[in-house]
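Number of protein chains: 2
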Amino acid sequence: MKTLNTIEEVRAWRGAQAEVGFVPTMGALHEGHASLIRRSAADNPATLVSVFVNPTQFGPNEDLAKYPRTLDADLKLCEAAGATAVFTPDKSMMYPPGFRSWVIVDELGDRLCGSSRPGHFKGVTTVVAKLFNIAQATRAYFGQKDAQQALILRRMVSDLNLPLELVVCPTVREADGLALSSRNRYLNEDERKRAVGLHKALAEVERLFKAGTTKTAILHPALVTILDDYVDKLDYAEIVDADSLQPLDEVDRPTLVAIAAFVGSTRLIDNTIIGV
Amino acid sequence: MKTLNTIEEVRAWRGAQAEVGFVPTMGALHEGHASLIRRSAADNPATLVSVFVNPTQFGPNEDLAKYPRTLDADLKLCEAAGATAVFTPDKSMMYPPGFRSWVIVDELGDRLCGSSRPGHFKGVTTVVAKLFNIAQATRAYFGQKDAQQALILRRMVSDLNLPLELVVCPTVREADGLALSSRNRYLNEDERKRAVGLHKALAEVERLFKAGTTKTAILHPALVTILDDYVDKLDYAEIVDADSLQPLDEVDRPTLVAIAAFVGSTRLIDNTIIGV
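As they're listed, the protein sequences go chains Y and D. Each residue of the first sequence is one higher than the last, beginning at 616 in my numbering. Each residue of the second sequence is one higher than the last, beginning at 616 in my numbering.
Same shape as in the complex, but just chain Y (with noise of 0.2 Å):
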């Protein structure tokens, strides 16, 4: 596997490929990702996974500062995982003095995660465009667990005329149901135990739906009743139009019903979709 540090070297090395799986990342890389990484190694000839902590998706009071940089571990989980290069690139690489160009997507931006982390996907597609162009990549991976993030990434692509196809994997869980994130292992051992309410409200969701309740004033009182016993605090918990985000009376749609919430400091998301 090649690390590759420069924005030049991943050019040099992609003029040598026919087709390209690209997986962009910002590290602290976990078995969600190993999976995006193997279902790439599977697709394509060649896999690129991109190591990146975006600071413009952060916002002022977030923790990019404290945000989990375990480079080493990280290069060898993508090696495992079937990885032919890694990209590498610092802040000064990405946004040079003077940079001032972005890509925006109106209006799924600002919804859910959009409204409490205002400018954070503006940050998420400028950096995946840019990081598109430069890996050039056949097919790019992500994880349904951001599902908003792979709505507005479909919506970019498709918009702007991106030529490389998004594909949107599974979430990967613990044994309990609690999805994969870096941001997991902020969680202490009472935290750890108390996340797997938000799967365990989605599930009951899931249940409800599955029984014949497509009411949202029935299931949306469900899902926060579970949450308030775990939680310490909720961000939103939403049933929405899968494709537009807009709030939903009946699961009559795909539907996606997204949380995010605070376990102890910790914002944790998760999400399902119904009704397809």
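It is possible that part of the hints are untrue.
Copies of one chain are not kept apart here, so a pair can be met inside one copy or by any two copies together.
25 Å max Cα-Cα, derived SDA-like pairs, lysine to any residue [to be verified]: (1) K815 / T829; (2) K760 / R715; (3) K815 / R726; (4) K706 / E722; (5) K706 / S773; (6) K760 / G713; (7) K737 / R715; (8) K848 / L863; (9) K706 / D858; (10) K737 / S859.
FYI, nobody ran anything at the bench for these hints, they're computed from the structure. Please read all numbers here as calculations on a predicted model, not as lab measurements.
On the provided structure of chain Y, position chain D as indicated by the hints.
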């Protein structure tokens, strides 16, 4: 020469080319466009021209509806100038329902033309990014006549790591010095005569600068005095840093002298760079 009507046709055509030069236009082609096509044909084994009157770069009170459409003549000019293929998308392909992604370049797009045409450059950068992604060009060609556009696109290509080279070519002029423009055909006989005032004003600033005058407090009034004799209404006449577009007191670096003015109801632009 091939005519490509859909994005899929461009992608299929592109796949068969090694390197491609690209000349994006809004049609109503003239000798200025021809010079870009000839340059591309000299630099590249294949040249793609796009003809698309991009609605998102026109303001609500601008000339979108009456912008000249001359496709038959455009195709003849493209072929004569050496184009290999012409892409003629329609609005519904470029902006399908639900479209909501934009490329923006902060600050540079708010001054000069951006100040009198709010949103103009957001439309330009977005459509050009889309066309770049569709054409997957090796090189793209623009005219120096649209100096601010060239500066903003150069910034976009650099900031977003777009994998192509941007080539800016000299302004082509009529015998009397009037810069070629698709909008020149709006001018009646009297207006056409007076339109040369933009060039005359720029030439006077060039003359004064060559003679040793570097203070913009002297150069600017000279610019405006000549314009006042010829044009009906000045939109802007500015002497600015050629990279940042910030006003200068002294021409002590590459400096853009840029004008936009109405002759009759037609808005014309022109510019020159001094102090290189």
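Comparing the hints with the structure gives:
no.	hint	result
1	K815 / T829	within (19 Å within a copy, 72 Å between copies)
2	K760 / R715	between (30 Å within a copy, 23 Å between copies)
3	K815 / R726	within (23 Å within a copy, 53 Å between copies)
4	K706 / E722	between (28 Å within a copy, 22 Å between copies)
5	K706 / S773	between (27 Å within a copy, 15 Å between copies)
6	K760 / G713	between (34 Å within a copy, 24 Å between copies)
7	K737 / R715	both (12 Å within a copy, 13 Å between copies)
8	K848 / L863	within (23 Å within a copy, 53 Å between copies)
9	K706 / D858	between (33 Å within a copy, 23 Å between copies)
10	K737 / S859	both (17 Å within a copy, 23 Å between copies)
Of the hints listed earlier, there is not a single one the structure fails to meet.
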